[in-house]
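Chains as they are written, first to last, in the numbering used here: chain E, 1 to 65; chain R, 1001 to 1301.
Don't take every hint at face value.
[Claimed, not checked] Simulated DEER-style distance windows between Cβ atoms:
no., chain 1, residue 1, chain 2, residue 2, range
1, R, K1002, E, N40, 16 to 22 Å
2, R, E1146, E, S20, 51 to 57 Å
3, R, L1070, E, P16, 46 to 52 Å
4, E, D60, R, S1099, 23 to 29 Å
5, E, D60, R, E1297, 38 to 44 Å
6, E, V13, R, L1272, 27 to 33 Å
7, E, E7, R, A1171, 31 to 37 Å
8, E, D60, R, A1212, 17 to 23 Å
Note that these hints are calculated values from the structure, not bench results.
All C-beta atoms, glycine included, are put in the ideal place defined by N, C-alpha and C.
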Amino acid sequence: MVIVTLEPENTSVTFPKINSVLQLLNRLQRKSTGVLVIRNGKLLTPDCKILHNDNIIVRDVTSRG
Amino acid sequence: MKCKRCKKTAAVALPSHNTAFCPECYLIFFARQIERAIHVQKMFTHDDTLLVAISGGKDSLAITWQLAKLGYNVTGLHLDLGIGESSVKARQTTEDFCSAYNIPLQIVEFAEQGLAIPEVKQKIRRPICSVCGQLKRHFFNKIAIEGGFTTLVTGHNLDDEVARLFSNTLAWDQAYLQSQGPVLPAEQGFAKKVKPLYTVSEFETANLCFLAGIHYGYHPCPFSRGASFTSYKALFNQLEELQPGRKRCFYQKFLEQGRPHFQNSREINRELHPCPLCGFPTSTPEATPCGVCRIRELMRS
Chain E
1 MVIVTLEPEN TSVTFPKINS VLQLLNRLQR KSTGVLVIRN GKLLTPDCKI LHNDNIIVRD
61 VTSRG
Chain R
1001 MKCKRCKKTA AVALPSHNTA FCPECYLIFF ARQIERAIHV QKMFTHDDTL LVAISGGKDS
1061 LAITWQLAKL GYNVTGLHLD LGIGESSVKA RQTTEDFCSA YNIPLQIVEF AEQGLAIPEV
1121 KQKIRRPICS VCGQLKRHFF NKIAIEGGFT TLVTGHNLDD EVARLFSNTL AWDQAYLQSQ
1181 GPVLPAEQGF AKKVKPLYTV SEFETANLCF LAGIHYGYHP CPFSRGASFT SYKALFNQLE
1241 ELQPGRKRCF YQKFLEQGRP HFQNSREINR ELHPCPLCGF PTSTPEATPC GVCRIRELMR
1301 S
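Could you put together the complete structure from these sequences and hints?
Quick look at the structure:
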C-alpha cells in the first residue's frame, strides 16, 4: 500500500501499488512541474521508483492569489 | 535521473531546460539564474539599497533569501492587507522568515490606514483585485521613495509575467505591452522597480524554498477566486507540458522582438503630475486627487 498526502489540502489517498512517480502523477492527474513529490524529506524526480509502504507527499506549487 | 553537473542522483527535473540537478547543484543553478537576470537587465549593484516586497509567499521569500545570500543590501516590506486569517498567516510567515535570516522588515497595516481590503471591497464597486493592486503599488512606491531605497524588488516570476503578457496581448493593450518588462526605470516620482525572478518558474522557486529550508506556508486570498491570471497560468501550464520551454520562449521573444514595436505607443505618453493631496505622481487630470487618495476619501465618507 502506498499512502499519498496531498498538500495544501492535507488529504490522503492510498494506492495498492504504484511503480513510479510518473505513474503516481498520472493517477492523480498532476503535472510533473506543478507539484513537488517528497519522500522522507527528499525530492523525487518523475523517473523515481515508488516502493511498497512508501509515504509520499504531493505538494501543489501553483499560487492561488 | 542524474544531476547534469555532478552526476549524483537528481532531485529536481526541469523539462523546460532539458536538465536535472541534485540538491547542491540546484542551489547553484538557481543563484546563477538570478545573477544572470540582474546582470543582463542591469537591475542593480551591490551599492544599491533594495526594498523587497514580501507577501509571505514562496516567490517573495525565495528572492529575498537569494538576494541576501548573494550579499545584497535588502530590507523587506510587508503590506498587511487586513484580510482575516489569510493576512494574519502571511504576516506571521514574513516576520518569522525575516527574523530567522536577520533581514530588516517594514510593515504597513492597511487597517491602520483606513484601507483594510474587506472594508474597501464593501465600498468600492470596481473589482477588488484591481483596487488592491493599485493600493499595493502606491505603498510599495511610497515606502521606497520616502525610505531612500534605490530599487524596489518584487517576486513576480516567469508564470506571473507570462500570464500578464498573455492578458495584455488578448486585449492588444499597447500601453501595457510597452511598459511590461523586468525593469521599470525610476522616473517622475516613481522608484525603480525590478523583477529578478522573471526567468524563473514558480516550480523552480518552490524547489528552491524546499531545498533551502524556507517555510512559506499557504495563505491564498479569499477574494482572488476566479481571477483571470489564474486561468491563464493553467492554460500555459498545459502548453508547457506539451512543449517544455514554451513559456520562457514566449516571454523572452516578447522582450527581444515584440516589445520594441510598442515603444512609440501614444497611449503611454500620458502626462504625470503630483497628486494635490499625497504628492505622488498621477495621470489623473490636473488638480484632481490620485486614485488612492480618492479611495481614502471614499472610505472616510
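So, going through the hints one by one against the coordinates:
no. : hint                        : in the structure
1   : R:K1002 - E:N40: 16 to 22 Å : 20 Å, holds
2   : R:E1146 - E:S20: 51 to 57 Å : 54 Å, holds
3   : R:L1070 - E:P16: 46 to 52 Å : 47 Å, holds
4   : E:D60 - R:S1099: 23 to 29 Å : 27 Å, holds
5   : E:D60 - R:E1297: 38 to 44 Å : 41 Å, holds
6   : E:V13 - R:L1272: 27 to 33 Å : 54 Å, violated
7   : E:E7 - R:A1171: 31 to 37 Å  : 35 Å, holds
8   : E:D60 - R:A1212: 17 to 23 Å : 19 Å, holds
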